Amino acid sequence: DGGITQSPKYLFRKEGQNVTLSCEQNLNHDAMYWYRQDPGQGLRLIYYSQIVNDFQKGDIAEGYSVSREKKESFPLTVTSAQKNPTAFYLCASSMLRDRGGNEQFFGPGTRLTVL
Amino acid sequence: AQTVTQSQPEMSVQEAETVTLSCTYDTSESDYYLFWYKQPPSRQMILVIRQEAYKQQNATENRFSVNFQKAAKSFSLKISDSQLGDAAMYFCAYRSAIGTASKLTFGTGTRLQVTL
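As they're listed, the protein sequences go chains X and U.
Residue numbering for the first sequence follows the numbering used here, beginning at 612 and increasing consecutively.
Residue numbering for the second sequence follows the numbering used here, beginning at 68 and increasing consecutively.
Worth flagging that the hints you see were computed from the coordinates, not collected in a lab.
Keep in mind that a hint or two might mislead.
Calculated cross-link-like contacts (lysine to any residue; reagent style SDA-like; alpha-carbon spacing at most 20 Å) [as the list claims (entries may be wrong)]:
#: 1; chain 1: U; residue 1: Lys140; chain 2: U; residue 2: Gln124
#: 2; chain 1: U; residue 1: Lys170; chain 2: X; residue 2: Asn664
#: 3; chain 1: U; residue 1: Lys170; chain 2: X; residue 2: Gly614
#: 4; chain 1: X; residue 1: Lys668; chain 2: U; residue 2: Gly166
Per label pair, the in silico range of CB-to-CB distance [to be verified]:
#: 5; chain 1: X; residue 1: Leu638; chain 2: U; residue 2: Ala68; range: 24 to 34 Å
#: 6; chain 1: X; residue 1: Pro719; chain 2: U; residue 2: Ala164; range: 40 to 50 Å
#: 7; chain 1: U; residue 1: Ile113; chain 2: X; residue 2: Ser691; range: 46 to 56 Å
#: 8; chain 1: U; residue 1: Asn134; chain 2: X; residue 2: Ser691; range: 41 to 51 Å
#: 9; chain 1: U; residue 1: Glu84; chain 2: X; residue 2: Ala692; range: 40 to 50 Å
#: 10; chain 1: U; residue 1: Phe131; chain 2: X; residue 2: Arg722; range: 40 to 50 Å
#: 11; chain 1: U; residue 1: Ser141; chain 2: X; residue 2: Arg722; range: 30 to 40 Å
#: 12; chain 1: U; residue 1: Ile113; chain 2: X; residue 2: Arg655; range: 13 to 23 Å
#: 13; chain 1: U; residue 1: Thr72; chain 2: X; residue 2: Pro719; range: 38 to 48 Å
#: 14; chain 1: U; residue 1: Glu119; chain 2: X; residue 2: Ser691; range: 40 to 50 Å
#: 15; chain 1: X; residue 1: Arg722; chain 2: U; residue 2: Gln123; range: 35 to 45 Å
#: 16; chain 1: X; residue 1: Gly614; chain 2: U; residue 2: Glu119; range: 43 to 53 Å
#: 17; chain 1: U; residue 1: Asp148; chain 2: X; residue 2: Asn629; range: 41 to 51 Å
#: 18; chain 1: X; residue 1: Asn629; chain 2: U; residue 2: Leu114; range: 44 to 54 Å
This structure is a prediction, so every number in the text was calculated from the model and none was measured.
Built from N, CA and C at the ideal position, the CB exists for glycine as well.
In isolation and in its complexed conformation, chain U is listed as follows (with noise of 0.2 Å):
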């Protein structure tokens, strides 16, 4: 079975400063899909990024990057100058690429602050 592991509880960052969020995965697949979906106070869960395993680019998503390290199974979160809005739960997921329904293995999530 895929694990997920987000080690950071709660980071926090100065608005319009850059902050990285960890996530790290474990699978014995070589075929797969990541992506990082943001949860804020209203808990509307919103897919933030994906990545596909067998594409070597880096996603990106105006302010928001990966750093996918595909050997050492990591998948990190850039989020570059930080808003107000950005104030949120982050969750990294995991999602097979068997089978045709795509369910996802989630972390435990990390809690962003936004300071002024």
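Looking at chain X on its own, in the form it has when it is part of the complex (with noise of 0.2 Å):
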């Protein structure tokens, strides 16, 4: 089955630490994002990559830091400079769109939660 993996589902951390959220997709497509979601706030764009060793800074990249170092897998690590890193984190991807596509497909999610 195609689709969007993350893990963990749970993850939780204490103050200074860095952790890393993984995903990764077995889609073929060429862009990935990462979100942050929380309560009472909508998806916010932390960083985004449309092709492999390049990626762009989103809304909220401040304490954040990504590679691409291959076109199936983003990791997304939440560093200690991230002043309130506990939140719902999602991961996306598409196509290009010159290639067609404008629709993201969805990772069930990350919850970190800061001890």
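Using the supplied hints, reconstruct the complex from the two chains, each of which is provided in its own coordinate frame.
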């Protein structure tokens, strides 16, 4: 089955620690995205990548870092510089627009809690 | 920058009835896409319906339809014959037609409750 997987489903972190959230897709999509969701707010874009070894900041990139070494994988690191990291994190992917794709497919999400 | 506004934090509908969720957006662009996503309690985001701005005809997907008013920058979602499984958060989203990556701008969501 094609889809997007995120792991772990729940993640607990102590203050001051970095933590990495995994996102893998087997849809052969070029673009991948990370969103953050807080209660009472919509999804906000953290980072996105259109091609391997290239990525761009979204609206709330401070305190986060990403890498795109493989087309299938787009891990997100929440660093100790992120002041309020407790949130629900969603990964998504899509074809690039010039290949006819404009729908984003989402993974099941990771709930990060800072203790 | 584009913004998307959903002014109804919560809505309630009886089973088998019809409900309309509101969405307005602000943009200076003429070509763009609009989406409604559903997020059930599992928190999996599911695409409900999409609308291309250059198409005048309103999109329809089974019991779901939209009322797209481009001049008013309004994009409401109508759910007919509501079912218990329709209970979820619904997010309106905007995507510019400029650029190759389909970055989405989301509204704050409307929680839909379906009652018997």
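Of the numbered hints stated earlier in the document, which are not met by this structure?
6, 7, 10, 13, 16 and 18
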